[in-house]
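Visitor: Sequence:
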Amino acid sequence: MNTFLLVGSTFVGAMMATVMIFVRKKASERPASVKKIIVPPLFMSTGAFMFIFPIFRISFSQVLEALAVGIVFSVFLIVTSNFEVKGGSIYLKPSKLFIGVLAGLLLLRITFKLIIGQTISFGETSGMFFVLAFGMIISWRLAMLYKYVKLEKEMETTKAPL
Numbered sequence: 166m167n168t169f170l171l172v173g174s175t176f177v178g179a180m181m182a183t184v185m186i187f188v189r190k191k192a193s194e195r196p197a198s199v200k201k202i203i204v205p206p207l208f209m210s211t212g213a214f215m216f217i218f219p220i221f222r223i224s225f226s227q228v229l230e231a232l233a234v235g236i237v238f239s240v241f242l243i244v245t246s247n248f249e250v251k252g253g254s255i256y257l258k259p260s261k262l263f264i265g266v267l268a269g270l271l272l273l274r275i276t277f278k279l280i281i282g283q284t285i286s287f288g289e290t291s292g293m294f295f296v297l298a299f300g301m302i303i304s305w306r307l308a309m310l311y312k313y314v315k316l317e318k319e320m321e322t323t324k325a326p327l
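For the sequence shown, the residue numbers in the working numbering are 166 to 327.
Hints listed in this document are in silico derivations from the structure and should not be mistaken for laboratory results. Just so it is clear, the structure is predicted and the values come from calculations on it, not from any experiment. Glycine is no exception: its CB is placed at the ideal position from the N, C-alpha and C atoms. Accuracy of the hints is not assured; some may be wrong.
What the hints assert, rightly or not - DSSO-like cross-link-like pairs, simulated, lysine-lysine; straight-line CA separation at most 30 Å:
| hint | residue 1 | residue 2 |
| --- | --- | --- |
| 1 | 190 | 278 |
| 2 | 190 | 315 |
| 3 | 312 | 190 |
| 4 | 312 | 258 |
| 5 | 278 | 324 |
To be verified - Across the chosen pairs, the derived CB separations fall in these ranges:
| hint | residue 1 | residue 2 | range |
| --- | --- | --- | --- |
| 6 | 324 | 172 | 47 to 57 Å |
| 7 | 168 | 206 | 26 to 36 Å |
| 8 | 314 | 288 | 34 to 44 Å |
| 9 | 240 | 183 | 17 to 27 Å |
| 10 | 324 | 287 | 47 to 57 Å |
| 11 | 233 | 279 | 18 to 28 Å |
| 12 | 187 | 240 | 16 to 26 Å |
| 13 | 224 | 322 | 44 to 54 Å |
| 14 | 183 | 258 | 13 to 23 Å |
| 15 | 249 | 200 | 13 to 23 Å |
| 16 | 324 | 288 | 14 to 24 Å |
| 17 | 215 | 276 | 20 to 30 Å |
Based on the provided sequences and hints, a complete structural model is requested.
Guide: Now the structure itself:
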């Protein structure tokens, strides 16, 4: 059963990464907005309801560890997420590195899951990976929001008459 859960959750993670690549490509074709940056973490936050069930609960030290790893991992996403101005609108600049970063993060996640999964239950591992992913997306999206707002202000400054 544990092997099935490991393989199944790894498959789901791979599918999510694949979907993320297509979502990112599609996002670069339309202008960015504050709403488009903020909404994904809000939707993901509903996953925290998993902690209602005791099997998924983790200790405070595990929360801190998972958050720290998520924030460190987000650095790679932050570096590969930049904006550009086209026709007076701000667009997410496509990055070829993004696909490699996602693949690398997926491989690291699988490796961690294999190592951690031998000493921590599947439920706790799931809880830790949710916190890791949430910490990663929150810090990544906050950095994107900062870059977006900064670029928006630069655009307003250059439009303003002297």
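Visitor: Taking the hints in turn, state whether each one holds.
Guide: Hint check:
1. 190 / 278: Since the Cα atoms of residue 190 and residue 278 sit roughly 28 Å apart, the hinted pair holds (cutoff 30 Å).
2. 190 / 315: The given pair, whose Cα atoms are some 23 Å apart, holds under the 30 Å limit.
3. 312 / 190: holds (19 Å)
4. 312 / 258: Holds. Residue 312 to residue 258 sits at ~12 Å (cutoff 30 Å).
5. 278 / 324: violated (50 Å)
6. 324 / 172: 47 to 57 Å: holds (54 Å)
7. 168 / 206: 26 to 36 Å: Hint holds: Cβ distance 32 Å, inside 26 to 36 Å.
8. 314 / 288: 34 to 44 Å: Taking Cβ atoms as reference, residue 314 and residue 288 lie about 39 Å apart, which means the hint holds.
9. 240 / 183: 17 to 27 Å: For residue 183 against residue 240, whose Cβ atoms are near 22 Å apart, the range 17 to 27 Å holds.
10. 324 / 287: 47 to 57 Å: holds (54 Å)
11. 233 / 279: 18 to 28 Å: Since the Cβ atoms of residue 233 and residue 279 sit about 20 Å apart, the hinted range of 18 to 28 Å holds.
12. 187 / 240: 16 to 26 Å: Since the Cβ atoms of residue 187 and residue 240 sit about 23 Å apart, the hinted range of 16 to 26 Å holds.
13. 224 / 322: 44 to 54 Å: holds (48 Å)
14. 183 / 258: 13 to 23 Å: holds (21 Å)
15. 249 / 200: 13 to 23 Å: The hint (13 to 23 Å, Cβ to Cβ) holds, given that residue 249 and residue 200 are roughly 19 Å apart.
16. 324 / 288: 14 to 24 Å: violated (53 Å)
17. 215 / 276: 20 to 30 Å: holds (23 Å)
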